[in-house]
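S.K.: Given next are the chains, with one letter for each unit.
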Amino acid sequence: MSRPTLSAALAAAAAFSLTACGGGDAGTDPAAGGPIAVEAKDESCGVARSEAAAGQITFEVSNKGSRVTEFYLYAEGDRIMGEVENIAPGLTRRLIVEVADGGKYQTSCRPGMTGDGIRADFTVTGGATRQVDTDARLAEATEGYQTYVANQADAFDAKTKEFVAAVKAGEVDEAKALYPVARTYWERIEPVAESFGDLDPRTDAREADLEPGQEWTGWHRLEKELWVTGLSADAPAVADTLATDVAEIVTRSKAVELTPLDLANGAKGLLDEVATGKITGEEDIFSHTDLWDFQANVEGSQAAIAALRPVVVERDPALVKTLEERFAAVTDLLAAQRRGDGFKLYTDLSPEQVKAFATAVDALSEPISKVAEVVAQK
Amino acid sequence: MTGPGESGAAVNGTGAGKQAGVSRRRLFGLTGAGVAVAGLGAAAGAPATDAPRVRPTAADPAAPVPFRGEHQAGIVTPAQDRTHFVAFDVTTRDRAELRDLLREWTAAAERMTRGEEAEPDGAVGGGAAAPPADTGEALGLPASALTLTIGFGPSLFDDRFGLAGQRPPALIDLPRFPKDNLDPNRTGGDLCVQACANDPQVAVHAIRNLARVGFGRVAVRWSQLGFGRTSSTSTAQATPRNLFGFKDGTNNLKAEDPAGLAEHVWVAESDGPPWMVGGSYLVARRIRMRVETWDRAPLAEQEAIVGRRKGSGAPLGQQDEFDPVDPHVRGAGGVPVIAEDAHVRLASAEALEGARILRRGYNFADGSDGLGHLDAGLFFLCFNRDTRTRFVPMQRALSSKDPMMEYLEHNGSGHFAVPPGVRDGQYWGQGLFG
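Taken in sequence, the protein lines are chains Z and P.
Taking numbering that gives the first Met the number 0, the leading residue of the first sequence gets 0, the next gets one more, and so forth.
Taking numbering that gives the first Met the number 0, the leading residue of the second sequence gets 0, the next gets one more, and so forth.
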């Protein structure tokens, strides 16, 4: 099941970086000349200064009017740089905006929180050097990984359809054989694939994770029916819904725009999935096919790191060496548990074997968590 | 502990004359019981029953906290550094035996909160052939702001003791929250006692001796040690950090906010039942933190999940720790600076229609899990006026939406009705059993 989804965490991180670029904890930047008072009334918007130096700019917006208001800073083309909404009459609220580039901006008070607002020009002087991602190899890394995601997504779609067909035909043995295989493609690209709204809970919710009143659908419901309770009358409908949801996930996964940081954080996230779900046997609690998912998470993590390798090896060769050794250690442990085309069941592992997996995954996760910083270096 | 004069001064917050390091027990041994008891009388008598229970333990971590008062101590008492929390099953079926136990416990608890032994001269003053009546490990230690707070669990109100009719409607069986993984051996209980002190040995001593008094009538169901308070309950206290490294409880209700406490913590007459007026409801949750995976998360992600800066504790988009959380600030492209699912936003009173709780949790680290990971986390304790309208909606929002849940596992839980304070001549829960 889900971790903080990649896109959600990164969207939040992006919002956060708005104020973070100034470095360290928030504080007024004296170079910017201190907070700029804004007196917002029903008919006017008094901005104490109409000019500020590039960097962190702080507005203190006081609503002196009678209507709830909001305040915006726009870049050209009405691109929102920052806004503070829902300022009740009599209240003062703060907006801290990181403005990297000098140029023409606009302030706007919106009494009643509608319309275009009361606009005024605002000039930002100077300008920090804009951090443009000029590294073509990082762009290649992202592109290469997106191709990987697309390929896995297609296979996920195809294998899910086979699984669904087996469930609908009542072919229990075949469905059980296909279950861990189809999930492999999902688990390889999970940080991307689980980031789409309620599609993750619809397809991958575990019984223990359900909210009151939430209908249980998806993989794990069918897992329980196949391994424990027998296929219910609803199983064909559940299977059809799964096929539809997976098709949607596939379409969206192929369309998603990734950054190099997404790759690095996704590689880490996949190992966190292993540490919290697979090593404890909680993911596939009825089928005990956790090692299939484990292997797929590790492969997906390895694919993301491999895509970034040309950049990371140049900036931190020792880190790449460590990663390769520790990936190999985890892969060797998994290989030792292979049985035929698949793996030993989780319940057949000894406590010592589980401990060895946990230790190897920890040893790998720690250096993987450092990749993002290396990729972010300019 | 100190003599009568210093003791009274310390309780009133001007403990300058306090002789550090001289315990009451030591004095007890030197000068005899009479002097010490007189001193205690002065200390315990000073706070009239209606006086607010705010005591400057931050200034004098060794001083005693009065046991009696309008409310039980250990709720708005400035949070001490350590806790030992215990839940008991009642094993007797005899209501009178249970009532007698509560009387005996009250006497022992009051003595121990003064820095005395569980029984007068109990550690070494009895016969050589008898096991000592006090276990002795707190001899020579000061009161250390020990508070002992009792609560009654939902299961007490079954058919065993004729209490079914007195169960407060607010004392619900907690619902199952998404992602709960509760261990029956860390959940529930007929009774609980929360011991908090600035010295862990004092807290453990208190629980150990109460458990001992209770043998044959109650049995320990589960217990939890906590170190490093994770909340401040007084504006005189700095906000401490939890094991995620973040300041925790910045927006907590504080002792200095009587209106807030009246609205959100204390059971009012209009709430009923009468025996609970002036009491509160305690929710305990053992929250394991997956600290190893958390520690690998980038700083930006950690701060985005919490909604605060890790260093200063300032809400994202603001400058100082105590700046109000402003959920209406948006950054580039109109993206909220505090994410829609950030912890501070989901737990904020604004998101919960004004509902607030008084948090009083502690960090814990109970060894390791056998897989090379620390069994560590937050022992969450909170007090609220009605769990149905405060804790439950808050936990529902957090357990289903908070990305932090990926790093958490709730594996223990308890819910207890905490009766009002013990007045002179009364015993714990007299309003219920009397």
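No wet-lab data here; the hints were simulated from the structure.
Some hints here could point you the wrong way.
As the list claims (entries may be wrong) - From the structure, some residues in chain P lie toward chain Z, with a derived Cβ separation under 7 Å:
id, residue
1, A95
2, R159
3, A163
4, R166
5, L181
6, N184
7, I286
8, R289
9, P297
10, H327
11, G333
12, G366
Just so we're clear, the structure is a prediction, and the values are computed from it rather than from any experiment.
Using N, Cα and C, we set each Cβ at its ideal position, and we do this for glycine too.
S.K.: All hints are to be evaluated individually against the structure, with a verdict given for each.
M.R.: Against the structure, the hints come out as follows:
Checking A95 (chain P) against chain Z: minimum C-beta separation of about 41 Å lies over 7 Å; hint violated. Taking 7 Å as the C-beta contact cut-off toward chain Z, the hint placing R159 (chain P) at the interface is violated, the least distance being around 30 Å. Restraint check, A163 (chain P) versus chain Z: the minimum CB separation of about 26 Å is more than 7 Å; hint violated. With 7 Å as the threshold, the beta carbon of R166 (chain P) stays out of range of chain Z, its nearest partner Cβ sitting at about 23 Å, so the hint is violated.
Given hint, L181 (chain P) at the interface with chain Z, is violated; its Cβ is 10 Å from that chain's nearest Cβ, farther than 7 Å. For N184 (chain P), the suggested interface contact is broken, since its CB lies about 18 Å from the closest CB of chain Z, more than 7 Å. Here the hint on I286 (chain P) is broken, as its CB sits about 15 Å from the closest CB of chain Z, past 7 Å. Nearest Cβ of chain Z to the Cβ of R289 (chain P): about 6 Å, under the 7 Å cut. The hint holds.
The closest approach between the C-beta of P297 (chain P) and any C-beta of chain Z is roughly 6 Å, which is under the 7 Å cut-off, so the hint is satisfied. With 7 Å as the threshold, the beta carbon of H327 (chain P) comes within range of chain Z, its nearest partner Cβ sitting at about 4 Å, so the hint holds. Taking 7 Å as the C-beta contact cut-off toward chain Z, the hint placing G333 (chain P) at the interface holds, the least distance being around 5 Å. The closest approach between the C-beta of G366 (chain P) and any C-beta of chain Z is roughly 15 Å, which is over the 7 Å cut-off, so the hint fails.
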